[in-house]
Each structure stands twice: as structure tokens, then as C-alpha cells.
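Since the structure of chain A is provided, determine the placement of chain B with the ligands on it from the hints.
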Amino acid sequence: MSETHAHSAAYVRREMLPQEAPPALETGAVKWLRENLFSSWLNGILTVVSLAFIWLVLSSILPWVVQGIWNAESLSECREIRDQLYGEGHEVACWAVLGDRWRQLLFGFYPPEHYWRVVLALVVFLAAIAPVLFESLPRKMLILTPLAPFIIFFLLWGGTIWGPLAVLLGFVIGWAIFTYGSPVVGNLGGTVLAILVPILYWLFIAGPIASGLGAILPIGLEFVASDEFGGFMLSFVIGIAGIVLSLPIGIFLALGRQSDLFIINKFSVIFIEVIRGVPLIVWLFTASLLLNYFLPPGTNFDLMLRVIIMVTLFSSAYIAEVIRGGLAALPRGQYEGADSLGLDYWQSMRLIILPQALKISIPGIVSTFIGLFKDTTLVVFIGLLDPIGFSNAIRASTEWNGIYWELFIFIGLCFFVCCFGMSRYSQYLERKLRTDHR
Amino acid sequence: MSDLHTDTVDREIDRSQMKVSDEIAIEIVGMNKWYGTFHVLRDINLTVNRGERIVICGPSGSGKSTLIRCINALEEHQKGSITVDGTLLSNDLKNIDKIRSEVGMCFQHFNLFPHLTILENCTLAPIWVRKTPKREAEETAMYFLEKVKIPDQANKYPGQLSGGQQQRVAIARSLCMRPRIMLFDEPTSALDPEMIKEVLDTMIQLAEEGMTMLCVTHEMGFARQVANRVIFMADGQIVEQNEPEEFFTNPQSDRTKQFLSQILGH
Ligand SMILES: Nc1ncnc2c1ncn2[C@@H]1O[C@H](COP(=O)(O)OP(=O)(O)OP(=O)(O)O)[C@@H](O)[C@H]1O
Ligand SMILES: [Mg+2]
Chain A
1 MSETHAHSAA YVRREMLPQE APPALETGAV KWLRENLFSS WLNGILTVVS
51 LAFIWLVLSS ILPWVVQGIW NAESLSECRE IRDQLYGEGH EVACWAVLGD
101 RWRQLLFGFY PPEHYWRVVL ALVVFLAAIA PVLFESLPRK MLILTPLAPF
151 IIFFLLWGGT IWGPLAVLLG FVIGWAIFTY GSPVVGNLGG TVLAILVPIL
201 YWLFIAGPIA SGLGAILPIG LEFVASDEFG GFMLSFVIGI AGIVLSLPIG
251 IFLALGRQSD LFIINKFSVI FIEVIRGVPL IVWLFTASLL LNYFLPPGTN
301 FDLMLRVIIM VTLFSSAYIA EVIRGGLAAL PRGQYEGADS LGLDYWQSMR
351 LIILPQALKI SIPGIVSTFI GLFKDTTLVV FIGLLDPIGF SNAIRASTEW
401 NGIYWELFIF IGLCFFVCCF GMSRYSQYLE RKLRTDHR
Chain B
1001 MSDLHTDTVD REIDRSQMKV SDEIAIEIVG MNKWYGTFHV LRDINLTVNR
1051 GERIVICGPS GSGKSTLIRC INALEEHQKG SITVDGTLLS NDLKNIDKIR
1101 SEVGMCFQHF NLFPHLTILE NCTLAPIWVR KTPKREAEET AMYFLEKVKI
1151 PDQANKYPGQ LSGGQQQRVA IARSLCMRPR IMLFDEPTSA LDPEMIKEVL
1201 DTMIQLAEEG MTMLCVTHEM GFARQVANRV IFMADGQIVE QNEPEEFFTN
1251 PQSDRTKQFL SQILGH
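Protein chains in written order, with this note's numbering: chain A, 1 to 438; chain B, 1001 to 1266.
If we strip away everything but chain B, and leave its shape as in the complex, we get:
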């Protein structure tokens, strides 16, 4: 677990593009979710503006994954509403597929497709969902693979890459759909320390370009450097949210203080 004071990148972070607009990207109102009788998410209210970088943290089992998986309808919610990019999430499959093609997602275990090459992984969705011509999709894919610094691996299979490389491919794969929002569910927690750094680097680069991001992560260095809001969840509820500086130096609730003291090893 990285310390609050370790920086993820040594260079100066360019905040000039990281502007938050007034436009609303995601709006969650009074959302509740149950697994059977178990109340996982309780009365979640959250508004994310375009360009915001939000870090979600909290103890294990607090419902962080469930929350961001509800945003692209990988999980159903039972009460309340979620609006993504002006589209209300409903049971209509058309709506769901539309939202999923606008919202990129990276998983803890990458979920690359092992039977396809890196390039095919990246061009698959543009070709089939966006109906992009193959040529153009490949050019886009190479552009983003270059961006995550692995263009030379394009013709390998996922199984031949290191964990960090795989996660960067997963990011590139999402970016190929030109999403307006990116969701990350603990993208670095299955990785070794050096690999964590290369993945976080990629994510910081994304943030610098103004991507709207929701990250579930325990990388507090990343949160401090990039996030403009940190959300703390416990027992399926949002307990506290604040700017990173304030959140880390001056937590309000007891749960937050306890969590921070554990995670930062004080």
C-alpha cells in the first residue's frame, strides 16, 4: 500500500486541462441496491461533473465495486435513478448498450480476451459496436497503444504480457471506444509495485487530458495528486466526501479517521 506522501509520478502534473465543467456527466439520485435481502447500497446520491476525477475508497465489502458497476449496468439497482450522459438507465437494453459504449471500464483482473491479439482486443468493440471500418479501427488502436506505451506488443496475445502491460492494454481497449467517462475498479491491486507505477502513470495522463474518471483505488498518492474529490464509503453508504487535501488532513467522521489510520499505517 503506498503512503500518502509517495508521489506516483516524479514530473510536475499538468493541471491546465483538468477543468471541471458545469455539465453533469453522471447523476445518481436516491439509489438503493439489494443482493437478495442484503442491502448493499443505501441511498446513494452522487453528482459527477464533466472533467471530475473522483477517487472512491473504503473498507472491503463496503460496496465500492457494486456502486461503479451499477453505473454501467453490470449490476442492476432496485431503487432510485442513475443518469449517465443524459441517458436514464432503465431496463431497456438499447439504453444499456448505449451507455456501456460511452463509458469505459477497467477491472482489477483486466478481463482481456485471451483468444484475441492485443490489436484485436482493441479493435473488436469499435468494429462491431461503432461499425468503424477495420482499417480506421486499427489506426485508432495503434494510436492508443502508443499512448499507453506498448505499440510493439500489438500482435501478441494477452497471456504473453506482464500484468502491468495487460492493464494498460485494457485501458487502451476502453479508450478505443472514445468514452466520455472512465470507470476503474481497483486497477492496480493485482499488480506488483513497479507495474502499479506504470498503470498509474497512464491514468494520470488520462486525467491530464480532461477525462471524467471514477476510480476505486487505495492508491492515496494518486488520489492526492489527481483527484478533485475523494469519496469514502462504508456499509454501502457514502460517509464522507471532500477535496483530497482536506480529506486526508482533516477527516470529519470517526469511520474515516479509523480507515485512514489503518491504510496509512499511522
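In isolation and in its complexed conformation, chain A is listed as follows:
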């Protein structure tokens, strides 16, 4: 016993204890192992079994991956090299197929001398989306964003530059009517005119203008038809167009479903339920086979465009339901708070309700997007050559007949990188927007 008076109730410490290092068991790796992997007997056994399992899987897959052969012209050549190197019966991957066919997997039948257009389109897309995704980037970059769809369209399909410009002019007309016309004819009239006039313009005036100007001033890129699109480029074009278009449509459908206006409400409900209730593959077949019957004869509507429309509508129905959940999760007080300040419907939606509802819905929205992106592989069934389609085509060739895993692993990896990126971004966004301090 030290100087403390153990026998009496009163206690005074005379000597302060110096700081000591914690016992070795409790620090660093040993502590972590103890707490996380071997905290009990059962846990310890599970850890050992899991490790054994992981080792088993990796030890059979890793050599196959790492020892894979990169330089060969065909599967049979691959096998010869393998037999020389590792002896017969030792399976290794034949990555040479990727080196031989990566162009098709990425670009489809797009003319190789124009690959730069696709790459440039991707760069434009990334530059346009970056300021939307990351607020810290300079706001001036946003100027590119509304123009990007036209630039990308022009780069990918080519043709005369006057086509996209004539279409763009329609939006400018609509915007001008809305800003300068609304004060004159009122808000509702302005909105109706701002929608109606551009549509009439696109239907009857834009075409002649574009071809007229194209005849006088033939500026443009070589035209590439949609049939030549394929591989990941096709998946990207369909997936990105679907994602970008389905979010706004989904928002309007969700608001429509909440609306008190009978027609709008019923239209939204029926649209959502019908689109959601039928498998995507059926809609894709509809797009490829039936849509031509409904369109006026003579209009040969691009198949890819039809697919984009279907995919967009399909995912917008899901987005609408996800956002409706977010809207329903907001307390009524938020609507009342906005109303009591005199904000009108669109202001309160835009400034108060949607920012919060969308924030709640981020995980659902992103998983719908991921689903949409992966579902673009379904277009293989209507004859479009997406990566899966190409893997079939490659396998059908004499050189690569019999190759499976290498192609699927590559395709899977590419999809995984994109989807994982979206998922990480959604987590980043959720963290950034967390202001409620619950």
C-alpha cells in the first residue's frame, strides 16, 4: 500500500500518477485483430474458414488471370503459346482477344478514322457534367452544359452542322418567347407559346432551314449512321441519354402524381403504372417492331432514338416513384412554411420541396440509374450490337471461337467501374448535403 490512507474514509492523493503506455495487446494491429476477427471462439473459427475459402478462390483464379497471354492472333495460337509456356492442361486466360478486338468492343463499327470524334464527345460530356456534379468547380464551366447535347450529337452522328444549330435555335426561340413574351401575354400564355412555337418551328421550319443552309454553306462532318454504333459507345449513348432525360421527366411525373389537377394526376398515375408494369424487354420490342405502325407512314424513325425514348420513359416511371417517396417523407410543415411566406407553387417546389425530397431520394435515384445503365445490355435482343452483342459476334468468328470468360470479365469490369463510380458519387453527395444535423 502506498501513502493513501486506506483505513480512513477521507482520501487525498499525494502522488500524481505518470502517464503510462497502454498494454501492448491493446494497440495497433493486434488490438484490431482481436476485436474484429477473434473476439470469440465462434468468430475465430469463422475467420479461419473465411480465410481458407478466400485463399481457395484466389489461388485458382489469380494464376489464370496473371499468367494470361496477351500476344496472340487467335484462340488456337493462344493455346499453343500456353502449352509451350506452362505445359498442357494448365488453363490460363487469353487476354489477346481484348488486344485484337477492343476497338469493336468500345466503338462497334464506327469508322476507325473517326474514333477521335467519339473520344472528343466523351471529353465534352465529362466537361459538361463536371460542374453539375461538383459545386467547387468554377461556375463559368456551366456555359458548356446546355450546349453539350448538341455538340455531342454533332460529333457522334456528323452530317451538316446546321442540323443541330437549327434545333438549338428552337430552344432559343422558346426561351426568348418565355422571357420577353410572358410580361405581355401573362405567365400561362407565355408558357404555352414558349412550348407551342418551337414545336411548330421544329416540325415545319427547322428542316428546310438546315438543308438550305447546308446547301449554301456545307460545313460539317462525315455522316455516321446509327447502325454503325456499337459496343460500349452504344451503351454509353443510350445509358447517358436515358439518365439525363429521365430525371426531369421523373420529377414532373412525381409532381403530377401529387397534383390536385384531375387530368394531370390521372395521366401521371396511368403512365407510371403502365410503363412500370410491363417488362423493359417488351417495351424494347415495341420500339423496334410496333412503333413504326403508329408513326405516320414514310417517317423512318431511327431505331436507336426509339430505344433511347423507351429506356428513358421506362426509367422515368421508376424515378417518379422514388421521388414520390421523398416527397411523401417531407413533413407537411415544409409545404405550409413555404406557402405561408407567399411562395407560389413552382417556387416552393423548386426552392423548398424538391431540394429536400431529391436529397432523400438520392440512393433510390442512383440505383435506378445504375439499373438503367446495366439494362442497356438488353438491346442485344432487338439486334443492336452492344458489348454483349459484340462478344457473341467475336465468339462467332473463326479466330476466337470458344472464348467466353475473358470477354465477359472485361465487359463486367467496364460496367462495374461505371456503376461503382455512380454509387460512390451518390455517397459523396449525401455526405455533402447533410445539413439537418439529426
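No lab work stands behind these hints: they were computed from the structure.
Each hint should be verified, as a subset may be incorrect.
As the list claims (entries may be wrong) - Facing chain B, according to a computed beta carbon distance under 7 Å, are these residues of chain A, among others:
1) Gly220
2) Glu222
3) Gly337
4) Leu341
5) Gly342
6) Asp344
7) Pro355
Said to hold, decoys possible - For lysine-lysine, the following DSBU-like pairs were computed, each having C-alpha atoms within a straight-line distance of at most 30 Å:
8) Lys359(A) <-> Lys1257(B)
9) Lys140(A) <-> Lys1156(B)
10) Lys1134(B) <-> Lys140(A)
11) Lys1156(B) <-> Lys432(A)
12) Lys1134(B) <-> Lys359(A)
13) Lys1131(B) <-> Lys140(A)
14) Lys266(A) <-> Lys1131(B)
15) Lys432(A) <-> Lys374(A)
16) Lys432(A) <-> Lys1134(B)
17) Lys1131(B) <-> Lys359(A)
Every residue gets a Cβ at the ideal spot worked out from N, C-alpha and C, and that includes glycine.
For chain B with the ligands alone, coordinates are given in the frame of chain A:
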């Protein structure tokens, strides 16, 4: 529940500005409201002059909230008329938005916007509804935040503030629209006692500056000190109204007597 005799502020209340003018701020004539088949408000007649401070009390479910929510059209009424600041409440959305921008309202649960900072909460409506330049709106917001004594919290989010602070922000947010009438629906009933005092202080200050106020509250100390009229509601009707002194010391109807004896714990 505070007692009739506890004062909410210790200082002398300045009644010099609390003048009631002859001008009519709110006029409700023969107003009725139903929720489905349930008759919530029955034949309400009420005239509020500019500068009046009115306290509305009554048992739970008597329709107090519904009444003041009808005044800024958060609820629709089916019969009778409501005129606010000379504008007749009709189904015209323009009228409704105009009235709402003239009438401030504070709720029991504050209803601040959690995704915006305190400052943004206060500048939002001036910027979008009144089209005030951002700079000016921020100056106004800081002026009113100072008035409710929380200028240093301007860049925080509502979730980081105490209940009392949030309610004072809600008051400041309404004031930023420079309303001519303020409605309060039980602004203190979700708060702890010390916080009740700071919110009531703010409300008293408003009254001293001559704001027209309609408060649903059970703070009888506040009613006695500030109100110039107390309205007692039961079963969707106005049962009794009187000056506070008279109302508390000499209630006329049995319902009022019963209510007062419950609330004051006699
Ligand atoms: N949206 C609604 N639909 C149907 N009935 C309602 C609705 N809101 C309120 N009521 C009913 O109307 C009556 C009056 O409600 P109100 O909220 O005005 O009461 P109150 O006097 O404010 O009560 P409290 O003191 O509890 O807040 C209550 O009986 C309530 O049940
Ligand atoms: Mg109430």
C-alpha cells in the same frame, strides 16, 4: 403552463406604441368551415383593427388553429368571407399569394427549412416573392436576426439551433417580408420553460412596435400583459371575447369559467 400572475417580462412594458387604429386589418363575416361533414368552424364573425393584439384560447380541438390558418388561406373556408388588408380571400391564386406575403405566420413546430442556413431561410421569400436584391435582403435579414438576438447564428443550419432559437428565427423570417399582420399558432407550446420566455420576449417586443397580432396561445401571462382582447373558442365557435382583465377576473359563460379553472389550476 404558466400561471395568470407570472409576468413574462420583468421590465415595464411600453404601451405607448400599442395604439389601436380605426383602420380594419382583418374582417371575418359569417365564416363556416367543414372538414368533410365535420363542422369545424361555425359562424365566425371577427373584426381586427390595425394594431390590435388578440389572444385566442380554448380547449384542444376547438378550431383555433383552423381559424387562423383560414386567414392566410392555408385552409379553405366554405361559407362567409374573409377580408385581409382590404383584399377579399377568394380562390384566385394571385390574391392568396398577395395576402400570404402580407401576413406573417409562426407555427408550433417552426417549419424552418432545414436545407438552408438561417440567413438563407430569412432571405428566401424577400428575394423570390418581393424580388429584393440579394444584398438588401441580407441586410434586412441581419437587422431582424439582431432584433431577435441571434445574429451570430446566421450561417448555421436550423438543426444546429435550440428550439427557442429556431422559433425566433421563424419570427425573424416572417418579419423579413415586412408583414402588416402576424399570426402565431401556439409558438411556445413545443418549448422548454426558459425558451418560452425568450420567444415571448420577442413577441412582446413586436407588440410594443405596434404590430397587429393574432396569437393562439395558452400563455395567460402574455395575454394579460400584451393582449387588448382575448377570444375564447369552443366547439368551433367564438364563445366569449373581452379585455384581458375582465376576461380573466370576470368570465361570463360557463364554458369559459370551466376552461379558466382548468388552465389556471384553481
Ligand atoms: N385536416 C383535417 N381533417 C379533418 N379534421 C381535422 C383536420 N384538421 C383538424 N381537424 C379537426 O378539426 C378540429 C379543430 O382542429 P384545430 O387544429 O383547429 O384545433 P385546435 O383548437 O387548434 O386544437 P389544439 O389546441 O389541440 O391545437 C379538431 O377536432 C380536429 O380533429
Ligand atoms: Mg392547434
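Do the hints match the structure? See the list:
1. Gly220: Violated: closest Cβ of chain B sits about 44 Å from Gly220(A), beyond 7 Å.
2. Glu222: Where the cut-off is 7 Å and the nearest Cβ of chain B is about 49 Å from Glu222(A), the hint is violated.
3. Gly337: holds, 3 Å
4. Leu341: This hint holds: Leu341(A) lies near chain B, its Cβ roughly 4 Å from the closest one there, short of 7 Å.
5. Gly342: holds, 3 Å
6. Asp344: Constraint on Asp344(A) satisfied, holds at 6 Å.
7. Pro355: Holds, because the Cβ-Cβ distance from Pro355(A) to chain B comes to roughly 5 Å (cut-off 7 Å).
8. Lys359(A) <-> Lys1257(B): It is violated: about 51 Å lies between the C-alpha atoms, which goes past 30 Å.
9. Lys140(A) <-> Lys1156(B): Distance ~28 Å between Lys140(A) and Lys1156(B) Cα, so the pair holds.
10. Lys1134(B) <-> Lys140(A): Status holds; Cα separation ~20 Å.
11. Lys1156(B) <-> Lys432(A): holds, 15 Å
12. Lys1134(B) <-> Lys359(A): holds, 25 Å
13. Lys1131(B) <-> Lys140(A): holds, 24 Å
14. Lys266(A) <-> Lys1131(B): This hinted pair is violated, its Cα atoms lying about 35 Å apart.
15. Lys432(A) <-> Lys374(A): holds, 27 Å
16. Lys432(A) <-> Lys1134(B): holds, 24 Å
17. Lys1131(B) <-> Lys359(A): holds, 27 Å
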